[in-house]
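Trainee: Each chain is listed here by its residues.
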Amino acid sequence: MLAFIIQRIAQSALVLLVVGLVAFSMFSFVGDPIDNMLGQERTQADIDRLRGQLGLDQPFPVQYVKFLGNAVQGNFGISYRQGRPVADILLERAPATLELAAVSGFLAIFMGIGLGVFTAIRREGFAANAIMSLSLIGVSLPTFLIGILLIYLFSVELGWLPSFGRGETVRVGGWTTGFLTESGLKALILPSITLGLYQMTLIMRLVRSEMLEVLRQDYIRFARARGLRERAVNFRHALKNTLVPVITVTGLQLGSIIAFAIITETVFQWPGVGLLFINAIQFVDIPVMAAYLMLISVMFVGINLIVDLLYFSIDPRLRADRTKAH
Amino acid sequence: MTKTLTLMSTALLLSTTALAQAETLRWARSGDALTLDPHAQNEGPTHTIRHQIYEPLLIRDTTGAFEPALATEWAPKEDDPNVWVFKLREGVKFHDGADFTAEDVVFSFNRAKTENSDMKELINSITEVRAVDDYTVEMVTDGPNPILPSNLTNLFVMDKDWTEANNTVDVQDFEGGELTYATTSTNGTGPYKLVSREQDVKTVMSLNEDYWGKDQFPLEVTEIVYTPIQNAATRVAALLSGEVDFLQDMPVQDLERVNSADGLVVKQAPQNRVIFFGMNMGADDIEADNVEGKNPLADVRVRKAMSMAINRDAIQQVVMRGQSQPAGMIAPPFVNGWTEEMDAESKTDIEGAKALMEEAGYADGFSIRLDCPNDRYVNDEAICQAAVGMLGQIGVRVNLDAKPKAQHFPLITDSKTDFYMLGWGVPTYDSEYIFNFLVHGREGDIGTWNGTGYDNDDLDAKIKSLASNTDLEARNADIAEIWRVVQDETLYIPIHHQVLNWGMADGVGIEVDPEDQPKVKYFTMN
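As given, the protein sequences belong to chains W and E, one line each in that order.
What the first sequence shows, in the numbering used here, is residues 12 to 337, in sequence order.
What the second sequence shows, in the numbering used here, is residues 326 to 851, in sequence order.
These are computed hints drawn from the structure, not numbers from a lab.
Ideal Cβ placement from N, Cα and C applies to all residues, glycine included.
Do not take every clue at face value.
[To be verified] Rough simulated footprint, nothing fancy, chain W against chain E, three-plus residues with beta-carbon under 8 Å:
(1) 519–525
(2) 547–557
(3) 653–666
(4) 762–772
Chain W extracted, bound-state conformation (with noise of 0.2 Å):
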């Protein structure tokens, strides 16, 4: 088990030190940082010194050590367009993301899961019908133009929310959150049924299929002919045995709706850690893109590190093997 752990640990911090490598392989590609930090009238004794300031001027894999040593330290660096350390702008923006991507995922697993299990039922209805019809917008259109209907809908047309921004903040501690004010939590909804749309929707129709499939199952009818009220039947064993592969679905999206949310909040100008980095790579900032891009994978090979774990806990079948093989 030990031995495991430490293999699965040994191979993820491999793939962040790859990762890393392959982004700032990319940087140079992206632009020159320099072009927008000067203004026009900069002269090439300007360009040279600031370049080699900054370390621009070394190849890109000293440029990545250097990161590395640092960011190990906890130091990432000062945004070239900012001017302010890194990690304080990430720690500032992460509520906003994590808000977000909560009320996302919230709205997306209790929504969907609702909505599968309704349209499974009422199968034939006219409801069900109209749903699974309109959930085929949720996958196929793109983020953006989902918000900006929204917008033009609601804030434009109808006045109801606001277009843009976070609304009021209260700040507790470290923490901005949005959850405190009237303002903020209108201002949560038009971003956060974009952002979790797609994930309602894929989850409405696994919940579906899933249900469907089970309801045939014997042990459904012999559940039905032992008089057992139709609630009880749906939910208590229906439902319940559907929620092995959503549950694992759920988990993998967990991940792509913060790492997704970049176009929700390039759209509703939520000051979440998407925007920053969108703003970073125009502006070729590579402090911030290297700390993102960073962070981001962190995030990925820990979520994979966990289900790997998760796995090996509940499938005897790996340990054999396992075990075996030594």
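Assemble the complex: chain W is given as a structure, and chain E must be docked to it using the hints.
Mentor: For chain E alone, kept in the frame of chain W given last:
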């Protein structure tokens, strides 16, 4: 409990009475200021925010004329043309209450001349700044500099004592690793004080009740809430839904929509920015074409033909939806040296262009790569696309290579492009600035944006002499002569002058500033 309730209701009451007199301007544009340090970044949106909080010695009004700010008068010294004398405004206070005096000006200029400063190139002719008395400053230049005041309109003055006390004398330095105080805190003399700022999210400023100009300017806005909104559609939606009162960076495709909406107006004015194509005529052979052994762009007939092939009216109507002014020279209309005749010199003439191409020996045309930015100017990539089709009519087969500005501009400054788009604004409102960067041959610090490879020693000498020519009439004659050469050689293919659009709620009164730098002290609110 009751006590808190009473407190709360009093607070509520107070805030509502305050609201009755308060006028908040909710202002949005696509980007945020990069820093608040007055000398760290020489960039438009950054200057715009600073202009509310800090002040330079003089500013420009919306017509481009000088207007006194911290200086009341300025003139060259009578017996010494190398010295400019500035009389400073008396009774001005910084936001922290300190008096504004000559030592602050001396200190700020010296700070702006340090290595990390991004403003130093604009004042590199100044060798010494000295305080004669508390309200008189003399600036010594390395030769007569008749247009020095033009370079000072974005040079902000900080308080010497405040800056020293907060250990922020050095201009923000990215390698230093530490956040400097002046990056996030301010102490200016301007009409608005900084209340709070979260970069890229929201900046709040409130009226400076002790502002020196409170009887001169409307100052009707008591609070400014500035929010960058990057996505163009969201930005317009925020204006349409009434969440924003004043919008910069209006996307041209939404002008009609905003103008026709109830309670909203769009105001426009020509912007201080001209868009054009540059061609590498200096090289013996260029890489981006299919002609071996020679450079078609070196032939002035080819350059003229390419310019004649561009249908500027079509670009204006189709690509820009009317939001541009076709250009015949690469100077914006308010710049000294611009003439209406020269600006009308570009004519579309496909037959004439074909004849010129044939005369030059390129009857079958040639192919070339056009480098174009896609996130810098209004509809930049679409303009290039239109040009591809137009140039195709005279046999110039163009491969368009559009990329983000961060990748595009280094191509020009490193001479890695032979045919490119560039836009140019003239902060000094004088042609010398254009000549220095775009016409003069590359030589150390001048000609840095001249990607044409054009190098004419006689012309360079004439450009250099402009800097110290104090006889304005003779100087203007020289400028006209230089422009004649630029036009006759077709150094650049001018496309158009950009038009600025500001969207606002009906009650907001402000004229569009050609620099795209709204100064909120001029705003009226109804």
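Trainee: Any of the earlier hints contradicted here, and which numbers?
Mentor: Hint 3 contradicted; others consistent.
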